[in-house]
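**Q** Here the protein sequences line up with chains A and B, keeping their order. In terms of the UniProt record's numbering, the first sequence opens at residue 1 and continues consecutively. In terms of the UniProt record's numbering, the second sequence opens at residue 1 and continues consecutively.
Keep in mind the hints are simulated off the structure, nothing from the lab. A portion of the hints provided could be inaccurate.
To be verified - Think about it this way: if two alpha-carbon atoms lie no more than 25 Å apart in a straight line, the pair counts; the simulated BS3-like pairs of lysine-lysine are:
id: 1; chain 1: B; residue 1: K165; chain 2: B; residue 2: K755
id: 2; chain 1: B; residue 1: K931; chain 2: A; residue 2: K243
id: 3; chain 1: A; residue 1: K24; chain 2: B; residue 2: K313
id: 4; chain 1: B; residue 1: K80; chain 2: A; residue 2: K24
id: 5; chain 1: B; residue 1: K623; chain 2: A; residue 2: K272
id: 6; chain 1: B; residue 1: K247; chain 2: B; residue 2: K77
id: 7; chain 1: B; residue 1: K900; chain 2: A; residue 2: K272
id: 8; chain 1: B; residue 1: K931; chain 2: B; residue 2: K755
id: 9; chain 1: A; residue 1: K166; chain 2: B; residue 2: K931
id: 10; chain 1: B; residue 1: K1037; chain 2: A; residue 2: K313
id: 11; chain 1: B; residue 1: K559; chain 2: A; residue 2: K24
To be verified - Okay, the calculated beta carbon distance ranges per label pair:
id: 12; chain 1: B; residue 1: C565; chain 2: A; residue 2: T31; range: 37 to 43 Å
id: 13; chain 1: B; residue 1: V220; chain 2: A; residue 2: N73; range: 49 to 55 Å
id: 14; chain 1: A; residue 1: P111; chain 2: B; residue 2: T269; range: 35 to 41 Å
id: 15; chain 1: A; residue 1: T146; chain 2: B; residue 2: T269; range: 40 to 46 Å
id: 16; chain 1: A; residue 1: T31; chain 2: B; residue 2: Y709; range: 27 to 33 Å
id: 17; chain 1: A; residue 1: P111; chain 2: B; residue 2: C982; range: 30 to 36 Å
id: 18; chain 1: B; residue 1: H216; chain 2: A; residue 2: S267; range: 53 to 59 Å
id: 19; chain 1: B; residue 1: I73; chain 2: A; residue 2: S89; range: 55 to 61 Å
id: 20; chain 1: B; residue 1: E430; chain 2: A; residue 2: Q35; range: 45 to 51 Å
id: 21; chain 1: A; residue 1: T31; chain 2: B; residue 2: L296; range: 17 to 23 Å
id: 22; chain 1: B; residue 1: K313; chain 2: A; residue 2: K34; range: 16 to 22 Å
Don't be surprised by glycine CBs; every beta carbon is placed ideally from N, CA and C.
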Amino acid sequence: MAMNYNAKDEVDGGPPCPPGGTAKTRRPDNTAFKQQRLPAWQPILTAGTVLPTFFIIGLIFIPIGIGIFVTSNNIREIEGNVFMYYGLSNFYQNHRRYVKSRDDGQLNGDPTALLNPSKECEPYGRNEDKPIAPCGAIANSMFNDTLELFQVGNASDLMPVPLKKKGIAWWTDKNVKFRNPPGTDPLEERFKGTTKPVNWVKPVYMLDSDEDNNGFINEDFIVWMRTAALPTFRKLYRLIERKNDLHPTLPAGRYYLNITYNYPVHSFDGRKRMILSTISWMGGKNPFLGIAYITIGSISFLLGVVLLVINHKYRNSSNTADITI
Amino acid sequence: CLLFGDNSVKTSKYNALNFLPMNLFEQFQRLANAYFLFLLFLQLIPQISSLAWYTTVVPLMVVLSITAVKDAIDDMKRHKNDNQVNNRSVLVIVTEKWMNVQVGDIIKLENNQIVTADILLLSSSDPLRQLQSQDSYSFFPGEVRCESPNNKLDKFTGILMYKGKNYLLNHDRLILRGCVIRNTDWCYGLVIFTGPDTKVMQNSGKSTFKRTHIDHLMNVLVLWIFLFLGSMCFLLAVGHYIWENNKGYYFQDYLPWEDYVTSSVFSATLIFWSYFIILNTMVPISLYVSVEIIRLGNSFYINWDQKMFYEPKNTPAQARTTTLNEELGQVKYVFSDKTGTLTQNIMIFNKCSINGMVYGMHVFLFSLSLGEILLCREKVDFSYNKLADPKFSFYDKTLVEAVKKGNHWVHLFFLSLSLCHTVISEEKVEGELVYQAQSPDEGALVTAARNFGFVFRSRTSETIMVVEMGKMRIYQLLAILDFNNVRKRMSVIVRTPENRILLFCKGADTILCKLLHPSCGSLKDITMDHLDDFASDGLRTLMVAYRELDSAFFQDWSKKHSEACLSLENRENKISIVYEEIERDLMLLGATAIEDKLQDGVPETILTLNKAKIKIWVLTGDKQETAVNIAYACNIFEDEMDEIFIVEGNNDETVGGELRYEGRTATMKPDSLLESDPVNSYLATKPQPPFKIPEEVPNGSYGLIINGYSLAHALEGNLELELLRTACMCKGVICCRMTPLQKAQVVELVKKYKKAVTLAIGDGANDVSMIKVAHIGVGISGQEGMQAMLNSDYAFSQFRYLQRLLLVHGRWSYNRMCKFLSYFFYKNFAFTLVHVWYAFYSGFSAQTVYDTWFITFYNLVYTSLPVLGLSLFDQDVNETWSLRFPELYEPGQHNLYFNKKEFVKCLLHGIYSSFVLFFIPMGTVYNSVRKDGKEISDYQSFSLIVQTSLLCVVTMQIALETTYWTMISHVFTWGSLGFYFCILFFLYSDGLCLFFPDTFQFLGVARNTLNLPQMWLSVVLSMILCMLPVVGYQFLKPLFWPVSVDQVSATGIYPNRIHDPLTSRRSAYAFSHKQGFGALITSGKTMKKKLYVFEKLFLISL
């Protein structure tokens, strides 16, 4: 009697194979996947592929860069629609506690959130036992200077330049993200039971006389609530629409800017700015991309030349295929 | 019976109820998971929480559930297996399920059934192993006393008391659970041990858990990352302190401090933890899970490999451990057993020496006039013997003639071969004998005797039936003095039909020659000469002797024997003393020589492994000559070697001397005696263990032979290092006469002092210790049983698959793992460090750059598939090239592809990428507006630009890393990027955001920002900026620091001329280790050896 120690199925948990006899073949499947023979593309970095890449990048980037740069620099003449911005610097709208200090439910018109602001809004959630609407530090610190632009006429009279308030916020923000509390009552009724943010002069339902630009859907408010990524930023304030094609929107001349100063920035060494700008297909004036493209394109081209030289010098000496097949 | 458990076996860990708590408990014992749990708790503290809770919870849940599912599947398999095993039916007089079998039950097993429990064999259809000849076992009034359950498979002591008489029980009587009954129609057994008490279950205890070098490295790196994380957080906290003092304090009009914050220092402390939470993604939660998945995948490839499937045995290769794959690509030392691993363990009776005459030399005809040598290779005709085995072949007619002539010594020699063994014969068809032998040597000897006319026909427990030259004779078997490793011999005592009592003994020559009668002195010398010749031909030798016993003496001895057999204590010792009393004054008959055939492809494999700078050490229990011959035959030693050192001293001094190169012609350098040697001066500083000895390059190629005796001395104290340094500088090392323990010690020695990966390969129970000790244990599922395989990490059935396992699977696994780790760390650095740059612009307020959902999904969804694809499908060169250029294996041995330096490179690359990824978008949006004048520089748009750039950059990076683009890689890589945009639109959709306005705040950002030309110009710019240095570096690297892979790649992946690297398979002996035969003919010194070389050469040509 021979003892054939078939302990595999005891310890290993495999299926008990019939000892001896005609066992099923355990040959693994002959598939490309299992045999690691899947058809494949095998790119190699060779001089033939790398060097042209560098040159091509250079050749594509430099013209693009120049194009962008020129477009960006051409934004000077005050033609077409003119956009009026206010800029703030040293203002940390991107501070973590600042960024989260809002209640999007409330801003979306949720009646429960209106009266019970999220605790993220603290310490601007409640004032004198009343919920603040809109709550939070962002809303509370809304920019509230008033900027008025006048053209100084020939007789030193001031002609107000018409500034359009609407159309400065993202469509999605204005129509989807921000909503007033539901109802058909006047806004004041709908905001009943809430109080204004501490720093504000007037409540949210008195931001504008236009029903369509009041309350949470006031565009100045919406623009402010879209917090800036960096501590120096500009925000769209007004549009100066072009009247007709013949005249420039803001013809050359003297202008008078009236600023109603409500918004203190001195305490934290902040700065305020007012910017008037036209726009190209690339947006506002920002030479960065243009310069960057030109630089990178040139570097790439140079690198290509350097690599070409190195390759020429070393390839012959070091990479003799000394492997004989 | 209440004292004993039932026969049910439980290998499963969980049940339905305890699975969740137990599995979770186990998982949180892992450091990484515990760390993320800790992070989760940190995030729940509102004062420092800088990330939403779900950023950690979601990945943690996914990771935990993947592991839990894996554990559950494993456990379900075990449950199923347990159930199946426990519910097998067995006949316990009435049929029962396995698990209901109890100690004391008597069970009946039939042919090809698996043994239920450890049972004591009571009776069987096979007459040999009868203990009882009773037919009915319904009542069995006996009593068994035996040892308590233990894990020694080859030991069992017990006594059966039956009808007032005591019967000795040893391990021969015990059939172990899990064995299969073969060639026996039925048998009855008494259940001795059940369930967990059985020897198999006791043996399948916890084996040590092996970890790879990469695992250790990973742990070190994770620690580094922690330190880096800590210092980052500290710096950022300091930054925050300064910011709060200079700006934050004055900004309180718009952003007052929280009421619990009293000072900037306190605020900075909180920020430290906030940043700790944000930057935690540097230690990626999915790292460990991904590594496990990759290893599992790569193990499957091994199981699936057709080229490692051995048709004749129907065995595919098996990766029994799924955690060691990449280590296979780093092996530096291979420790191989000889028998059954390098050799086939098929024994062929090749030569013999009978009474001073050598038989079995092939006859050569020298035709000197023509300068040709003709080999007369005519098979001996055994037709005179009807019972001869047709497969047996022998080439020396003189022996047959001697048998036919009735040479007394030759007859006695073959008679002893046909009697002195433990072979069992089976004769299902009249005249067709099938032998079942314990060892192949024995089978070969009995078969030889059979063919020469001394046919062992059948045996009972008391008789042996032999057909001697056609005449049937029955010998009474008086005793078998069985073989064991200490005695190294076996004897039988028989009573011949003429009533003579004869003892036949066969065994190792070293042992047997001491037991010979002084009168055979001269014969002994001649025979020893013959034995030397045999051994130098690589043959395995045994000496055969006999002794005629006096009847009275035997009776006396027999009594002593049975007493010793019945003693309970120290039985084995007592028995061996009794044996020695009778095994002396033996008369020498002769010696046998058996050829041990090499396995297919062994020499080629070893040649390839040598080219891959893998050193092969043969650790064998065989004698020196045999081992050395095999070493030459399979290319471990070569003729061109400068010198082969032999260490065979018997005490410390000689061994030390031999190791220190006394009396050698060639001097190996570096010399370990020289003071100036850097390693010596290093050792002189007495470094604290564990220290590692650096790699030393010798000035030539050397070999080392050391035997077990000397090794015992060499492994002591100071010599240990001498031995190691000498051995490691040698090209090949042969350790012979090794005990299993010594095998393990040698492996341990290398493991201890060398920074190298060791692999042990073996097939037998004596290799188990080294297989367990080595970094990687490979079992040959061969003829000697399953123990080696059961303890191994990888198992296959042919030694030659080793080159495929290492050079193809190992190399790929290693490369994939390295690519995976480099890329994985890189992508997380690039991802995380952007926050650090942003800190300088956000008042160090722990504001994240990305949307919280992006952070949640980045590792888990957006980047997981491409990197998995890379690490499961990538091939830098295909398998043909891996095998043709074994040099490609070397970088793995030195761990060149992923080490601390590579990690630092990843870190620097990550820092650079994060720099680009922050400042390019920043420059783009700074003071910038859209073409309709509206916002672009708001936080949410900026986030979107950065995260899109990041994903494009890491996708480009993985595209650059990928060298083998299968369809799956394309789908994974580009699909993931596409998927990101889909998810983006979903996450930023009106519906979702309005439903959970506080969780999904990025309403409309995708729609408003993704259509901006600035954004895409910025993304392309970031991509190119991150890509250019990488491409440049990868292009220049092979020029300045060429690695062999690059050369192979440069010569082109698709070669024009493909030669199969392994041409036609040749006989193992084709690789003659002696000089060419031209010189031999002229020298004419050692004719026998010369002839043997001729024989080998002719074998090739014929």
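**Q** A separate judgement is required for each hint: does it hold in the structure or not?
**A** Do the hints match the structure? See the list:
no., hint, verdict
1, K165(B) - K755(B), "violated (61 Å)"
2, K931(B) - K243(A), "holds (19 Å)"
3, K24(A) - K313(B), "holds (12 Å)"
4, K80(B) - K24(A), "holds (21 Å)"
5, K623(B) - K272(A), "violated (95 Å)"
6, K247(B) - K77(B), "violated (63 Å)"
7, K900(B) - K272(A), "violated (50 Å)"
8, K931(B) - K755(B), "violated (63 Å)"
9, K166(A) - K931(B), "holds (17 Å)"
10, K1037(B) - K313(A), "holds (14 Å)"
11, K559(B) - K24(A), "violated (53 Å)"
12, C565(B) - T31(A): 37 to 43 Å, "violated (59 Å)"
13, V220(B) - N73(A): 49 to 55 Å, "holds (53 Å)"
14, P111(A) - T269(B): 35 to 41 Å, "holds (40 Å)"
15, T146(A) - T269(B): 40 to 46 Å, "holds (42 Å)"
16, T31(A) - Y709(B): 27 to 33 Å, "violated (53 Å)"
17, P111(A) - C982(B): 30 to 36 Å, "holds (34 Å)"
18, H216(B) - S267(A): 53 to 59 Å, "holds (56 Å)"
19, I73(B) - S89(A): 55 to 61 Å, "holds (59 Å)"
20, E430(B) - Q35(A): 45 to 51 Å, "holds (49 Å)"
21, T31(A) - L296(B): 17 to 23 Å, "holds (18 Å)"
22, K313(B) - K34(A): 16 to 22 Å, "holds (20 Å)"
Hints 1, 5, 6, 7, 8, 11, 12 and 16, counting from the list given before, are not met by this structure.
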